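Using the hints provided, position chain U relative to the given structure of chain D.
Which chain is which? The protein sequence lines are D and U, in order.
Residues are numbered in the working numbering as their position in the first sequence, beginning at 1, plus a constant of 33.
Residues are numbered in the working numbering as their position in the second sequence, beginning at 1, plus a constant of 33.
These aren't lab readings, by the way, just hints derived from the structure by calculation.
Each hint should be verified, as a subset may be incorrect.
The list treats identical chains as interchangeable, and a pair is accepted whether it falls inside one copy or across any two copies.
[To be verified] Cross-link-like lysine to any residue pairs, in silico, SDA-like; alpha carbons within 20 Å at most:
id, residue 1, residue 2
1, K401, T63
2, K216, W119
3, K130, P82
4, K401, N64
5, K47, S71
6, K216, N57
7, K130, S431
8, K139, D418
9, K139, Q425
10, K47, N428
11, K139, H150
12, K139, V220
13, K139, E175
14, K216, P424
15, K139, F125
16, K401, L270
17, K130, P424
18, K130, Q425
As the structure is a computational prediction, the values presented were derived from the model and not from experiment.
Protein chains: 2
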Amino acid sequence: MNSFIIRGNFLESKNPNQFSIAENSYLSVTNGISQGISPVIPERYQGLPLIDFDDRMILPGMTDLHVHAPQFAFRGLGMDMELLDWLNTYAFPEEAKYIDLSYATKAYQGFVASLLHSTTTRAAIFGTVHVPATLTLMDELERSGLRTCVGKVNMDRNCPDEVRERDVETALRETEQWIQAAKSRFVHTRPIITPRFIPACSDALLAGLKSLQRRFDLPIQSHLSENLGEIEWVRSLHPEATCYGDAYERFGLFGGENPCIMAHCVHSGDEELELIHRNGVFIAHSPESNINLSSGVAPVSRYLELGLHVGLASDVAGGSNISLLQAMMHAIQASKLRWRLLDSGVRPLTLEQAFYLATVGGGAFFGKVGRFQEGYEFDAVVLDDSSLFHPQPLNLRSRLERAVYLADDRNITAKFVAGQRLF
Amino acid sequence: MNSFIIRGNFLESKNPNQFSIAENSYLSVTNGISQGISPVIPERYQGLPLIDFDDRMILPGMTDLHVHAPQFAFRGLGMDMELLDWLNTYAFPEEAKYIDLSYATKAYQGFVASLLHSTTTRAAIFGTVHVPATLTLMDELERSGLRTCVGKVNMDRNCPDEVRERDVETALRETEQWIQAAKSRFVHTRPIITPRFIPACSDALLAGLKSLQRRFDLPIQSHLSENLGEIEWVRSLHPEATCYGDAYERFGLFGGENPCIMAHCVHSGDEELELIHRNGVFIAHSPESNINLSSGVAPVSRYLELGLHVGLASDVAGGSNISLLQAMMHAIQASKLRWRLLDSGVRPLTLEQAFYLATVGGGAFFGKVGRFQEGYEFDAVVLDDSSLFHPQPLNLRSRLERAVYLADDRNITAKFVAGQRLF
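Excised from the complex, chain D in its bound form (with noise of 0.2 Å):
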């Protein structure tokens, strides 16, 4: 079932630097795995069945590295504070809602079905503090063919007693069942340590997570320097710490053998940035939510230029919207007026930079995943621009760059992971 050919434009990143575009080609799969892109049908699969997408463009699948799948309920509104007065205004009071079954279900069905008919494929995502809705969430993801990482969010302090846990053996307790549970019910929706973020963790509560991290081999996602008013929080509540990062590495839940994203690292310093290097930890580029919350924005560039792991995030609700292709606009413009209004040292993103975020920069948290080459996962989406009107021929380079800034959830018009044909 998973073996075919598929006939198009393929464009795909070669490097950070640069695309690599094959018109009018082939590319083979056999049991969802890419055999690469060739001019002609190799004759070992010409017996395979072809899918012709004609004049189409067909991309690696994107990856969202961090999502809250609770807050596409509000995606688009609270767009007037910044990190901690947006989280005890919107942000708790909506994930609170999430201990109701129904309405869970409701708006879980809601977040899956707009990132279905989007260009992500794979995702790392925050679900509540809730067991009960966060399983209903992967349930649906589970359904809808996508390949993601769910938390079940932890957080026991510093936060409204509807989204804290109980204490911290319930906690937990509750964690480990969820974990139980999430294993033996999924395949391709696997659980990830997710403390929300230093504020909301206590010490016992961390170490607790560590454990559970260990004895399941799980990976970790978490926030880091998000916005300064929170740096300074963190700074005052762990005096001990050289650095935010550092408050999640004394606990071993900052990467190293385990993988790990961290969301935006827009303020982080030097010593936090080595930390990162040395211990292989994803960043989780959001730049549209960096802007809405007036956060900042981080010098991905250099981040790139440093050799870090970065890959792209929506961040709804911080980002109103789920599209990879909108976050590489707002990666690219973000980049531009912090180039203009902040710091010239560091280089405006380039569209290949954008994309190489959100196709192999967080694919390569999901393995062998957001190229097409040889080995790689299959996973695409198939682009048709043709009701984006121009007058004049574009070549490939341009219908992809204009796709960046016009497309829709209307041009998306196919979608594979790891080659299962979603629609």
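Chain U only, in chain D's frame:
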């Protein structure tokens, strides 16, 4: 024909900082003019036909105060340069194609179709230097029912031969012929004097344009203080001028008696702002363009506090998107990054302010436009946001905020200009 009652949820600006919201109300229109909103149908209008938009949002039509019609063809492309290189690499070569009337017709039909299906009801538009193509653009606009000012562009120096006037005498003769033709052929598509910008216009050309402006009593549009390199160039070309704006003022092309739009004003100093204020010049704030071309961000909330006329603009193709909802988003986003990265003394724009710019701010250039109050021309767009998934009830302000971030042409289900229903 242009007398009727509209029912629905009305949202308009009371002032730059407040909405006026009337849910489930009635607006009476006679001969294209609003007679105001009321909770029930006024007795004297009870004979008029009722158009019921149920739970939909009804907003004043929006004014795009600065857009380049010929650049629509390459919107979303070439986002990798600053202004002066971008003009030479992308804009001028594209504009040169409009000497070919069949290309121009095809391209302008695409532009007008897109503008028609946006929230824009009024616009101030740049054509190219070519008279036949500009008249074709005006033909298409007149047929659309939109109400616009359109300029044949004038430029006779510092630009490629293909987009340069042959000589001043020819330029002025052709411009006069164009004005005469436009005045005889169009009712709702008015000519506007359009020197491209100071670097591209000789003194003799500017003086001649002033004569035409005076003789035909026309409004004026141009560009001002968009980019630092451009401003330096103007200073070297016109050392006698006290500021960039003064270089127009010396030719009588900077407001005062004559309605005048200046696009951008990103880097206007106090002296220029004083001149803008004194002369009642309209500033066309073009946030996406100013981001994409790394120009910077105009301090718009300060301009509003100073009591300047400010409207919103897509500035396609510096801006990629013709949507003024998107322009509102970009205006808010750009102002947040300006506040965070550059100057915490100028507050970010609120949703209320961005909406005011898009409706009242620019609408005032066209007269009593941009509000629903009695005596205003009835320009309106009807937004059906039911496709924007949400699991919870939302008030009207929230529905508008979401629409700014998430709505597209699919959500615009009806449109009226001066009482005429366009779809």
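Hints versus structure:
1. Taking identical chains as interchangeable, the C-alpha atoms of K401 and T63 lie at most 20 Å apart only when both belong to the same chain, with a minimum of 15 Å there against 65 Å between chains.
2. Neither within a single protomer nor between protomers do K216 and W119 lie at most 20 Å apart by alpha-carbon distance, with minima of 33 Å and 54 Å respectively.
3. In this homomeric assembly, K130 and P82 never come within 20 Å of each other (Cα to Cα): the closest approach is 47 Å inside a single copy and 44 Å across copies.
4. Taking the shortest Cα distances, K401 and N64 sit within 20 Å of each other inside one copy (14 Å), while across copies they are farther apart (65 Å).
5. In this homomeric assembly, K47 and S71 come within 20 Å of each other (Cα to Cα) only inside a single copy, at 16 Å, whereas the closest approach across copies is 62 Å.
6. In this assembly of identical chains, K216 and N57 lie within 20 Å of each other by CA distance neither inside one copy nor across copies; the values are 42 Å within and 51 Å between.
7. In this assembly of identical chains, K130 and S431 lie within 20 Å of each other by CA distance solely across copies; the values are 18 Å between and 44 Å within a copy.
8. In this assembly of identical chains, K139 and D418 lie within 20 Å of each other by CA distance solely across copies; the values are 18 Å between and 32 Å within a copy.
9. Proximity of K139 to Q425 under the C-alpha cut-off of 20 Å is restricted to the inter-copy arrangement: shortest distance 10 Å between copies versus 44 Å within a copy.
10. Proximity of K47 to N428 under the C-alpha cut-off of 20 Å is restricted to the intra-copy arrangement: shortest distance 18 Å within a copy versus 47 Å between copies.
11. In this homomeric assembly, K139 and H150 come within 20 Å of each other (Cα to Cα) only inside a single copy, at 17 Å, whereas the closest approach across copies is 32 Å.
12. In this homomeric assembly, K139 and V220 never come within 20 Å of each other (Cα to Cα): the closest approach is 23 Å inside a single copy and 52 Å across copies.
13. In this assembly of identical chains, the alpha carbons of K139 and E175 lie at most 20 Å apart only when taken from the same copy (16 Å versus 47 Å across copies).
14. For the identical chains of this complex, K216 and P424 are neighbours neither inside a copy (53 Å) nor across copies (29 Å), given an alpha-carbon limit of 20 Å.
15. For the homomeric pair K139 and F125, the shortest alpha-carbon distance inside one copy (18 Å) is at most 20 Å, but the shortest distance between copies (51 Å) is not.
16. Neither within a single protomer nor between protomers do K401 and L270 lie at most 20 Å apart by alpha-carbon distance, with minima of 39 Å and 57 Å respectively.
17. With identical chains, the CA atoms of K130 and P424 are at most 20 Å apart between copies only, with a shortest distance of 11 Å across copies and 49 Å within one.
18. In this assembly of identical chains, the alpha carbons of K130 and Q425 lie at most 20 Å apart only when taken from different copies (10 Å versus 51 Å within one copy).
In terms of the numbered hints stated before, the structure departs from hints 2, 3, 6, 12, 14 and 16, listed from lowest to highest.
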